[in-house]
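There are 2 protein chains.
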Amino acid sequence: MNAPDSRFREILKALAPFALALGIWFVPIPEGLTREAWHLFAIFAAAIFAVIINAFPLLTSALLAGSFAVLSATVDPAKVFGGFANQSVLLVVVAFLVAQAVVKCGLGQRIALCVVSIFGKSTLGLAYSIFITDALIAPGFPSNTARGGVLFPIILSLAQGSGSVPGDETKRRLGGYLMFCGMASLSVSSALWLTATSANPIGVSLAAEKGLQVSFGSWLLVASVPALVAIGLLPLVLYRFFPPGVTATPDAPQAARKALREMGPLSRDEWITAVVFSFMIFAWIFAGTFNFSLAGVAIAGLGLLLAFGVLTLDDIYLQGSTLATFLWLAVLFALSGQLNEMGFMGYVGERLASTLAGLAWPAAYVVLLLLYVAMHYMFVSQSAQVLALLGVFLDVGVQTGVPVHLMGFALLFASSYFSTLTPQGGSQNVIFVASDYLTQGELYRLGLLTTVFCTLVFLLIGTPWVLWVG
Amino acid sequence: MNAPDSRFREILKALAPFALALGIWFVPIPEGLTREAWHLFAIFAAAIFAVIINAFPLLTSALLAGSFAVLSATVDPAKVFGGFANQSVLLVVVAFLVAQAVVKCGLGQRIALCVVSIFGKSTLGLAYSIFITDALIAPGFPSNTARGGVLFPIILSLAQGSGSVPGDETKRRLGGYLMFCGMASLSVSSALWLTATSANPIGVSLAAEKGLQVSFGSWLLVASVPALVAIGLLPLVLYRFFPPGVTATPDAPQAARKALREMGPLSRDEWITAVVFSFMIFAWIFAGTFNFSLAGVAIAGLGLLLAFGVLTLDDIYLQGSTLATFLWLAVLFALSGQLNEMGFMGYVGERLASTLAGLAWPAAYVVLLLLYVAMHYMFVSQSAQVLALLGVFLDVGVQTGVPVHLMGFALLFASSYFSTLTPQGGSQNVIFVASDYLTQGELYRLGLLTTVFCTLVFLLIGTPWVLWVG
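Chains as they are written, first to last, in my numbering: chain A, 2 to 471; chain B, 2 to 471.
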């Protein structure tokens with residue numbers, strides 16, 4: 002493979018999505034669909050395809066698709082731009098900004114150290130301390146990537162404190178075990194709370210279009226049992242299949258206590274952050290009662306953190322990547338919503354449903370869930386898969402007779418726990434992968450193990466629980 | 002003045018807007034206004050006041066005001082968040098991003114050098130080259146701050162090339178003259194094209210609410226005569242009142258030609274940028290004919306520049322300040338729009354109109370325009386004044402009998418040319434001010450001179466022209 006060859010392949014790759022779009026565009030429009038719905042499908046499919054084959058980043062794909070949809074009069078501009086006003090999209094954006102405060106003021110690290118000082122005596126205890134810390138701070142961190150940014154330095158210092166370094170093959174595995182625990186923990190803690198990852202409010206919004214209303218409280222209730230079982234067992238499962246080599250870390254609790262003493266009492270900024278986040282979590286929990294908008298609460302939190310100087314304009318000025326997220330998310334979100342409004346999702350649902358027609362609904366439920374999880378091998382972003390497939394899969398499930406809340410919650414939770422399936426299956430993975438404590442082979446193997454385990458827990462324990470509380 | 006004193010004053014300053022909001026909130030609601038309209042006025046006035054007294058930055062003020070308006074049920078959340086989907090707001094945001102390409106690929110510098118190579122023989126010629134370059138590139142730069150970023154390095158190298166440095170009192174004035182020409186030029190070029198500054202589409206959107214429809218072409222037609230007269234005379238006026246000391250720069254054209262030769266032919270990225278911007282300007286001009294959305298065109302341009310790799314994700318990741326602009330602009334824009342929808346602007350307009358009742362409409366027109374321009378002493382952002390006052394002033398003008406297109410265009414153009422009134426009157430000024438070629442006294446004096454001159458040109462030449470082309 003020489004340079005001209007690879008350049009030629011790059012050009013082919015960049016042209017492939019356009020070829021796909023043209024191919025679908027000019028195929029005879031299937032009966033039962035409008036011209037606009039079919040053309041939008043051509044645009045949307047090409048955009049997702051471009052991301053999957055890595056021809057263009059999400060942002061580029063979304064901007065090209067959105068502007069073409071508008072300029073070709075396939076979709077009303079106001080409908081596309083409406084994605085920027087969507088409360089779920091705004092919640093994601095503001096949450097990214099608000100999470101900076103927890104990292105910056107040191108509150109996140111303090112909470113983590115507290116947990117380690119209690120649970121950190123053994124490697125297994127350290128693993129549990131990671132899972133518990135993560136689960137506790139998750140509702141205030143609607144970005145699991147930001148949460149990874151809090152957990153990672155702690156895990157790194159725990160690994161290094163125990164003498165484990167990436168270069169030393171015999172000692173590497175302790176660090177590798179803890180690093181993977183961090184990734185696995187994020188995938189389950191994200192399933193536990195509605196506000197624990199950006200994909201959740203997007204999924205909730207899509208599910209609402211199918212008639213499934215999910216609140217902060219109802220999500221927590223339904224997720225609690227399977228997620229807590231997974232949190233309780235995952236450290237042991239990983240321990241069994243990837244023994245860390247070192248099992249006792251008697252010094253960790255003391256080191257954490259020492260670090261806590263060195264931190265001293267809560268600083269002004271930590272107090273303010275704690276109060277503002279308590280207000281936000283309280284307001285999110287009782288949003289239904291007070292008729293509060295979730296995004297409005299997040300914006301109030303951001304405004305207060307800026308007013309008190311915990312965050313500064315300079316902190317916001319570093320968040321250009323959040324702007325990129327805002328742009329692609331709003332556009333893809335709007336396009337996906339329009340595909341639904343124009344009847345395309347329903348049409349595909351009917352088709353898939355007719356192929357599953359012979360199946361009883363419990364069988365259809367299992368088949369759809371397994372198919373949805375397995376397809377994550379193709380996606381580099383959780384949000385992208387949620388946007389592309391959650392609506393369709395939910396539709397098909399409902400049409401084959403699966404109760405809407407059962408199918409909906411199963412897909413919503415899966416959208417979180419399938420993130421470890423590949424190293425690039427979620428952006429929060431990347432920081433742990435880059436630590437070099439784990440080989441690519443280990444990452445894929447442990448990722449498959451974790452995803453299969455979570456799928457089983459959510460199927461076998463989550464299913465009866467949803468049906469019982471539902 | 003010691004430290005505790007200044008800290009106490011900071012706290013007082015931060016509390017003052019809240020006191021103002023509470024004061025207005027609990028005053029008996031004037032007859033003819035709804036409770037919501039009055040409460041929103043309390044929130045909005047406090048937010049603008051906080052910015053004017055420098056208690057909080059625009060972003061903080063906007064977020065606090067927006068979230069309070071939502072959480073207090075004063076305004077429907079969907080109405081506030083609708084600001085993010087507003088096409089003018091999106092145009093500003095995407096334009097900031099697109100402008101990076103012109104700077105990055107070197108096309109902006111090349112155009113500037115071409116103009117200098119023709120006009121650069123004397124100091125006055127250099128000044129004209131700045132004004133003409135600026136006016137030519139302005140329609141493709143919907144951010145005058147970004148345009149300042151292209152002009153500034155050229156002006157700086159012209160000044161230094163002529164031996165003028167800030168530290169040398171005798172030689173300083175050549176650089177000072179050229180620097181101020183840069184600021185003055187931006188203020189007039191922004192009035193020439195609808196897409197030349199972020200405040201313009203905002204103003205157009207507000208004017209549309211009062212029934213004045215402005216297109217890219219109609220703006221250019223109406224602005225052309227007064228703006229070109231101002232461009233033709235301003236370098237001379239500034240030359241007369243701030244003689245630069247050095248008047249001949251015979252080497253500048255040759256230096257520019259040499260720099261152009263060194264640049265070589267257009268690079269791949271320059272070609273792509275030129276083609277994409279030509280497409281955008283073409284599409285903006287004929288947006289009405291093709292029924293194109295202005296923001297859709299800008300998004301397509303950004304998508305293409307990213308797809309061809311002229312801009313990369315890393316360039317976007319540096320644009321956190323654009324995210325901050327997006328957030329405050331969308332929220333303030335929505336609140337200002339709601340004040341209007343709830344009838345508050347109309348109410349104030351009636352009041353102001355009744356105090357101007359005795360005046361014939363031509364007198365009211367002049368009084369309103371002068372008042373609008375003078376009030377810019379209080380504003381640190383052009384967009385903020387447009388959001389706060391343009392709608393009200395236009396309303397009052399219309400109610401006292403001024404033709405809507407006359408009053409509307411006068412206010413729209415003033416919103417650009419009043420930017421030099423104070424050094425902080427527009428964010429694009431800051432880069433020139435920071436060069437240290439001008440003292441604060443000179444800046445205020447030349448700023449007043451430029452603003453008065455432009456006001457006279459737009460009043461005496463612009464008025465009959467607007468009425469004639471009508």
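You may find that some hints are simply not true.
A pair counts as met if it fits within one copy or between any two copies, since identical chains are not told apart.
[Stated by the list, open to error] With a straight-line Cα cutoff of 27 Å, these simulated DSS-like cross-link-like pairs (lysine-lysine) come out:
1. K105 with K172
2. K211 with K105
3. K122 with K211
4. K172 with K259
5. K14 with K172
6. K259 with K80
7. K259 with K14
8. K122 with K14
9. K211 with K172
10. K80 with K122
11. K105 with K14
12. K80 with K14
13. K80 with K105
14. K211 with K80
15. K122 with K259
16. K211 with K14
Quick caveat, the hints were computed from the structure, so don't treat them as lab data.
A quick look at each hint next to the structure:
1. K105 with K172: neither (32 Å within a copy, 47 Å between copies)
2. K211 with K105: Answer is neither: 39 Å inside a copy and 46 Å across each miss the 27 Å cutoff.
3. K122 with K211: The answer is neither: 48 Å in one copy and 70 Å across copies each exceed 27 Å.
4. K172 with K259: within (25 Å within a copy, 62 Å between copies)
5. K14 with K172: neither (42 Å within a copy, 57 Å between copies)
6. K259 with K80: So K259 and K80 fail the 27 Å test inside a copy (55 Å) and across (51 Å) alike.
7. K259 with K14: So K259 and K14 fail the 27 Å test inside a copy (54 Å) and across (41 Å) alike.
8. K122 with K14: neither (51 Å within a copy, 51 Å between copies)
9. K211 with K172: neither (51 Å within a copy, 72 Å between copies)
10. K80 with K122: The answer is neither: 55 Å in one copy and 53 Å across copies each exceed 27 Å.
11. K105 with K14: between (41 Å within a copy, 26 Å between copies)
12. K80 with K14: neither (30 Å within a copy, 42 Å between copies)
13. K80 with K105: neither (37 Å within a copy, 33 Å between copies)
14. K211 with K80: both (19 Å within a copy, 24 Å between copies)
15. K122 with K259: Result: close within a single copy only, 15 Å intra versus 71 Å inter.
16. K211 with K14: neither (35 Å within a copy, 50 Å between copies)
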